[in-house]
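**Q** Chains as they are written, first to last, in this note's numbering: chain V, 343 to 657; chain H, 343 to 657; chain A, 343 to 657; chain L, 343 to 657; chain W, 343 to 657; chain U, 343 to 657.
Hint data in this document are derived by calculation from the structure and do not stem from the laboratory. Please read all numbers here as calculations on a predicted model, not as lab measurements. Hints should not be assumed to be uniformly reliable.
[To be verified] Straight-line Cα separation of at most 20 Å, EDC-like style, residue types lysine to aspartate or glutamate; simulated pairs:
#1 Lys657/L - Glu599/U
#2 Lys655/V - Asp643/W
#3 Lys644/V - Asp643/W
#4 Lys644/U - Asp554/A
#5 Lys483/L - Glu350/L
#6 Lys655/A - Glu399/V
#7 Lys577/A - Glu578/L
#8 Lys400/W - Glu388/W
#9 Lys577/U - Asp643/W
#10 Lys392/H - Asp437/H
#11 Lys577/V - Glu574/H
#12 Lys405/L - Glu428/L
#13 Lys577/U - Glu574/W
[As the list claims (entries may be wrong)] For the chain U half of the interface with chain W, some residues (derived, Cβ under 10 Å), not all of them:
#14 Arg426
#15 Glu428
#16 Leu561
#17 Val579
#18 Gly580
#19 Glu583
Positions of the beta carbon are idealized from the N, C-alpha and C atoms, including for glycine.
Number of protein chains: 6
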Amino acid sequence: MEQKKLFELAANEVFEGYVLLRSFNLKTGQTGKNYIDVTVTDAFSEMNAKIWDYQEEKHSQFKANMLVKLRGTVVAWQNSLQMRVERIRLAEPSDPVHIEDFVPSAPMTGEVMLAMVEAFIKRIRQDDIRFLVQHLVTKYKDRLLYWPAAQANHHSLRGGLLYHTSTMLRGAEAMCAIYTQLNPDYLYAGVILHDLEKINEMDSTELGIVSDYTRNGLLLGHIVQGAISIAEAGKEVGADEQTIVLLEHMLISHHYEPEFGAIRRPMFPEAEMLHYLDMIDARMFDFDKALAEVQPGGFTDKQWLLHNRRLYKIK
Amino acid sequence: MEQKKLFELAANEVFEGYVLLRSFNLKTGQTGKNYIDVTVTDAFSEMNAKIWDYQEEKHSQFKANMLVKLRGTVVAWQNSLQMRVERIRLAEPSDPVHIEDFVPSAPMTGEVMLAMVEAFIKRIRQDDIRFLVQHLVTKYKDRLLYWPAAQANHHSLRGGLLYHTSTMLRGAEAMCAIYTQLNPDYLYAGVILHDLEKINEMDSTELGIVSDYTRNGLLLGHIVQGAISIAEAGKEVGADEQTIVLLEHMLISHHYEPEFGAIRRPMFPEAEMLHYLDMIDARMFDFDKALAEVQPGGFTDKQWLLHNRRLYKIK
Amino acid sequence: MEQKKLFELAANEVFEGYVLLRSFNLKTGQTGKNYIDVTVTDAFSEMNAKIWDYQEEKHSQFKANMLVKLRGTVVAWQNSLQMRVERIRLAEPSDPVHIEDFVPSAPMTGEVMLAMVEAFIKRIRQDDIRFLVQHLVTKYKDRLLYWPAAQANHHSLRGGLLYHTSTMLRGAEAMCAIYTQLNPDYLYAGVILHDLEKINEMDSTELGIVSDYTRNGLLLGHIVQGAISIAEAGKEVGADEQTIVLLEHMLISHHYEPEFGAIRRPMFPEAEMLHYLDMIDARMFDFDKALAEVQPGGFTDKQWLLHNRRLYKIK
Amino acid sequence: MEQKKLFELAANEVFEGYVLLRSFNLKTGQTGKNYIDVTVTDAFSEMNAKIWDYQEEKHSQFKANMLVKLRGTVVAWQNSLQMRVERIRLAEPSDPVHIEDFVPSAPMTGEVMLAMVEAFIKRIRQDDIRFLVQHLVTKYKDRLLYWPAAQANHHSLRGGLLYHTSTMLRGAEAMCAIYTQLNPDYLYAGVILHDLEKINEMDSTELGIVSDYTRNGLLLGHIVQGAISIAEAGKEVGADEQTIVLLEHMLISHHYEPEFGAIRRPMFPEAEMLHYLDMIDARMFDFDKALAEVQPGGFTDKQWLLHNRRLYKIK
Amino acid sequence: MEQKKLFELAANEVFEGYVLLRSFNLKTGQTGKNYIDVTVTDAFSEMNAKIWDYQEEKHSQFKANMLVKLRGTVVAWQNSLQMRVERIRLAEPSDPVHIEDFVPSAPMTGEVMLAMVEAFIKRIRQDDIRFLVQHLVTKYKDRLLYWPAAQANHHSLRGGLLYHTSTMLRGAEAMCAIYTQLNPDYLYAGVILHDLEKINEMDSTELGIVSDYTRNGLLLGHIVQGAISIAEAGKEVGADEQTIVLLEHMLISHHYEPEFGAIRRPMFPEAEMLHYLDMIDARMFDFDKALAEVQPGGFTDKQWLLHNRRLYKIK
Amino acid sequence: MEQKKLFELAANEVFEGYVLLRSFNLKTGQTGKNYIDVTVTDAFSEMNAKIWDYQEEKHSQFKANMLVKLRGTVVAWQNSLQMRVERIRLAEPSDPVHIEDFVPSAPMTGEVMLAMVEAFIKRIRQDDIRFLVQHLVTKYKDRLLYWPAAQANHHSLRGGLLYHTSTMLRGAEAMCAIYTQLNPDYLYAGVILHDLEKINEMDSTELGIVSDYTRNGLLLGHIVQGAISIAEAGKEVGADEQTIVLLEHMLISHHYEPEFGAIRRPMFPEAEMLHYLDMIDARMFDFDKALAEVQPGGFTDKQWLLHNRRLYKIK
């Protein structure tokens, strides 16, 4: 995608290129005339824009989070730059742009990661575990392709939920090879299910951006929703009672500490391991993200989510 | 029931009366002969007893927790008294004894308390709440009549679960009259459901004595089991989604503090009130029980379950 | 009170009506001329106002928290509206306004609530308890009529202290009916005395607005002040030593947790119950207040005083 | 005091000497005959003793904690040695023994330590502080001479309360010399008053052995009792209100942490310093006591009262 | 090793076989004669034994933790069995027994595990890290072959320290493959060094049994000793200052939480990962050990070291 | 130093006097011309200043934290006053100003305080302790003369580290006189060494102003650095192993609580005392500083570093 960066534009310059609509709101000016107030981004920075000649039939098709092609002139207004939109149209499949270029995204496509997860499901040998997991993954397939793992914390990426899951599966595979007492069936199932109900805990756009928590998310959370969901799926696929209870236990214990939402601490080895694989994947992500912004030999600012640590980047 | 108390017996005295079998175990003596080792209680104290002339056809019908009529002679053996059983038969309906006389029991019969609970259910105006609650109470009716509320703590009585529930309902009624913003439908439902899954969390004899926690009780606990159970019942009776979620929330928040098993803190007034009614009823029971053993003006020993407090009995 | 709301006023409009003076400060303008800077409120919103023609003899009688009748013209100044005061006089008894209309107040008058409290005092059967409680209530009678229960938290209303106390007394009455082991004499006394020394802990205007904590309030707090006050009153009325010690204990234990200022945890049932009645009344107030601002089916913002919970309003 | 140590006695030996009666209880033997079961100590070890020829007129004058002269024969009984008492009489003033030789005692007499404390009181320059402190010390003078500072922890010695107080006064004096911003009047007063109400918190024999906590001690504790006591004394001597409040504040803040009973943290420098002087004196005592039992280069067992530390004795 | 198990022996039976001396103490009987009191074990159970004909020249060569061949007769004494030793000699290299058969040991020999560790050291690419690690491993080589990782907790096995280390290295290798941002040099070094100073923290016999903590272990602990040891080794091999500081940081942060002895929380990804690998290996060991004692479908007792959890063994 | 205070200056006034350069940065104006933006202070307030006629040869010698003589004219610009610098030169030894007048400084010179510390070193009787301490003090002598004890908290003064140390030594001396079981050698050594490595933990200018923590300070902290430093110095001077270990232990235990960085709690009396002396000196400083800003009878604002206490200044 070859186009001028928004932050390179100067007053009076004309811009033409693809941008993502962060917000798109109809407003009424002091003179009573309608116009549209827009925030656009090209993934590097944001800029305010205005569509002064609002026409309902023409502009009502647009809304926030759409990818559009746009032409406009940059104007200086009150110490900052603003774009006066002259042309706007939706991006089309044939356009040389991808949504991943405009929002923080997992390094693989949802389809690829889903295929990885499903390959692990196939490796689950115990039928009822495999049926139960497949049942739930199939149920949420469409949203899984882009769902993030969080609103703001680790893996708050487009596709972050699958990315977190599929990376943890690799860790699970490695640990089963070292600690042969582990039953991979339960560990793989636990990894795949542990955050799955985040799909009902939060509302996400297709861009993987969480607008808010849902009512059920706030009142119950993905852990309890997850246990209920396993209970239902278990009944559906006719799973053994032990199978259902153990998977529910993995859900309700994977946060480990009561103050982080665990109702039980893990009571069998696969549940214990699930917790550590989850922590490792979250922390490797967080460290990576925080350290991306410092030079070798330097320290980050205090990271609130990491006990206020300042992280060091090795020279 | 007029019979000599066990603790009044002296060596060589003959006892005849009703006792509860606490334990009843076949053993083999040093000479290779079988005998039965029994612990009997008359609710005031326990005594060891032996059936030396074991006969399978005659004695295999007895087991722990049965109420029997027994005749025997008291013998002194190694600094303590023991009973040599001479006759034993099961208590019969026509015998002038009741199980409540031998085990700690709620002050009302299960039937009376259940009727009280059901009267409250009828007062729930919103149909789906009422249907859901009635569905679960009906499901557990038989066990509810004698189920205790705990293995060792508050309301570890025969019928303790219903006693705890029905007393809390009276508190709920009073609070709804004072705090008129409360919706009695949710509060009554929450009270009735909050501990109901203790029926699957623990195994209890019909005497209301808990032998142990169940597998599901240990791995999930009555809170999560309760939420799942509400989800299932809600589907069964076709309850509104909000209804189900709010009742589930009441379950998972009623312990209030994460370290006591709460997954959420209460997020609407009825859930908040449920917690306090639960605490009050538990604490009034605990104080009463602890103070029963001291004289006015005296202090109890340190009560481990009450932050090691020593309680005072007002003169 | 029929008058235009302050937030309905437009520039150049003339306002005439009753307002409360939130602040009233003499200032000196850049030209060296004195004027008065005022903040007025009609309970719905606030507006800044100026008295440009300051005259000491005329204006020195006014100060913050007075109710006045005022006439002025609205002027626009630097993006906001301001009132130029033309006439101002103190509200008089014959004016059709009440202070309760201008500040957050308990839903009953202080006189009515005090009568309720005194009715409960009469029901205390044990003489020395009744004398002691009456002694202290009489001592603080005047201030009790309008004193709030807090600077910012629960029951920070004009008359909030009596409102909190009288509502708790109704709860106490209900609980004594259910838990008959409770001695109502101690419970009623405890309820009435538990926060009474807030009268010396904070300074409040007659509007029930707390300006600050007092020296003694900061160095000792109402709990210790309360215990000392009971000691003195007990001596005064010749109370039995046990009576005094038990009431003192109720004071120093009613916050329950050391980190909230409790010196002992409650050691008899009436002290235990006092704590829960206090919590319930505070929490019902807090929930009510927070939920007043949201629509059914909606959530409040995070409530800092309630462990950062977001509360839900049932549809 | 030249007499054989109890632990040196062998079976059949005759003992004659002074011992302290730890316990002295009338019992009835299996044959129905009365005898007295005694525990005696010579400060080095304890031994059980029996008075078989119980005579009421002769033996009813004795009770626990008395110092007696005793003659008896050592007999072996069930793997241990026991003394058969042949003669017993109360120790008399002319006997060459002192109570301090038999119970753990402060290294100075109560009279000497009290004189030290009173010398410090005289150095308090502000009249009302000095009056108030003197008033309370005078009130408790008699018991102060032998009162311990605790039942089991630091300074659980005969005279331990005065020992703790007078040592802290020396620390206070030193600190006032280094930190000249400190007002010695308040610091000395705070030191003298801080634990004074332990006199009403516990019951102690004249041997400085605490039998139990009192009702008021359990329900209120010495901190709250102390604040009340200062309030009363302040009124008595007509102290300034600030003086009273500050001394009360020192009392209620000297334990520093809420979980150790502090109601406020110290809010002025003298209160802050009081806490540290108290901690230092307690800890120096505890370390000394624990280390007395180990060899240079060795470690003590885990000290439960010191966060389970094992202490090291420097070689 | 074909010999009768100690727990299979009956009174009067003659035993001949190899046993480990758990204790071996010279005592003096009531008659004044010397004998030796021994505890022997064959790894399945322990038995008390006596050598009644003590002869200094013959028996002074034996002491606890030696492997011996022994013949004796089983005698019944006071409700338990005891062995009267008739012959005893040290086990010789040619005897068909190994020390590993008598004490809990790692599943590989020390030599094999050390070779694994050294293979990882060779894979460290950065010279100064490799030199430093090799320097310390070489220094402790001899003791490493049998040193346990703890006195009582996880990996309290003969060779447990190397077993813990080498298993963690396999985990480190797997994690570096998944999280490619990790620098294996630091991670491998951190794993190898993290517990190395346990060699100076505790005293262990060659059987891998810890008798006690050392003075330095108690006063400093292996974490601080480890940091000092890295500082010294770093100087020795001329390591870069950053290298030394980062390895020291890994040591002082690997316990993660201050209350478990961490001085810093991990501040770079390799230090973070080290902590989780350590936790995983410890927990897999603990779960395995605890679950070894229960049947499928059963629960262990409460595990004190695992937050009192009862663990479940999957059916 | 007689010169007009910066805060007394009015627009258009000419200032001449000594100021400290807080910052001194070359900037480029909108017209492309270079100028210098300066912040100056006279210890009472700060003022922005500009050097418009920037000349490299003339101005490149200046930088932040230098003391200069300056002449300039005060100009009003955007609601605030600014100085246009006309002349600037470095302060010279002959100028009548001292750096202590411009930055918060200890009340004694570094030289005097160092002499005090060295006098205490001489009083250490045990050779290896004295050698070790002297070795480290000598090593850091130059920086000690001005080094602060903190970036923002207690003793963040020029010379604060020595001030804190030397005051604590006086406390140590007093405590050794009262608690004669203390070994002054260890206590004095512990006091002198306890914060010494703050010299490598933070970077300080010669003004005693900390710019930031160092890499080693962030990754290790002064406690671990201190232990390592003692290990090295101990080797250097040939100290006894016990000496080294005990001093290291004092370092790692002096923060007492794990959450404040203590690795061990103090395990011998001198280590215990060190902690309290440290706390006392820090707290006396903090109280003094906070109370400096209030009137007698008044309260400070909440002090975040002192558990949010509001401190009271006695009337």
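**Q** Work down the list of hints and note, for each, if the structure agrees.
**A** Status of the hints after comparison with the structure:
no. : hint                : result
1   : Lys657/L - Glu599/U : 26 Å, violated
2   : Lys655/V - Asp643/W : 45 Å, violated
3   : Lys644/V - Asp643/W : 42 Å, violated
4   : Lys644/U - Asp554/A : 14 Å, holds
5   : Lys483/L - Glu350/L : 40 Å, violated
6   : Lys655/A - Glu399/V : 38 Å, violated
7   : Lys577/A - Glu578/L : 13 Å, holds
8   : Lys400/W - Glu388/W : 24 Å, violated
9   : Lys577/U - Asp643/W : 50 Å, violated
10  : Lys392/H - Asp437/H : 24 Å, violated
11  : Lys577/V - Glu574/H : 10 Å, holds
12  : Lys405/L - Glu428/L : 17 Å, holds
13  : Lys577/U - Glu574/W : 10 Å, holds
14  : Arg426              : 46 Å, violated
15  : Glu428              : 47 Å, violated
16  : Leu561              : 4 Å, holds
17  : Val579              : 16 Å, violated
18  : Gly580              : 15 Å, violated
19  : Glu583              : 8 Å, holds
In summary, the structure is inconsistent with hints 1, 2, 3, 5, 6, 8, 9, 10, 14, 15, 17 and 18 from the numbered list given earlier, while agreeing with the others.
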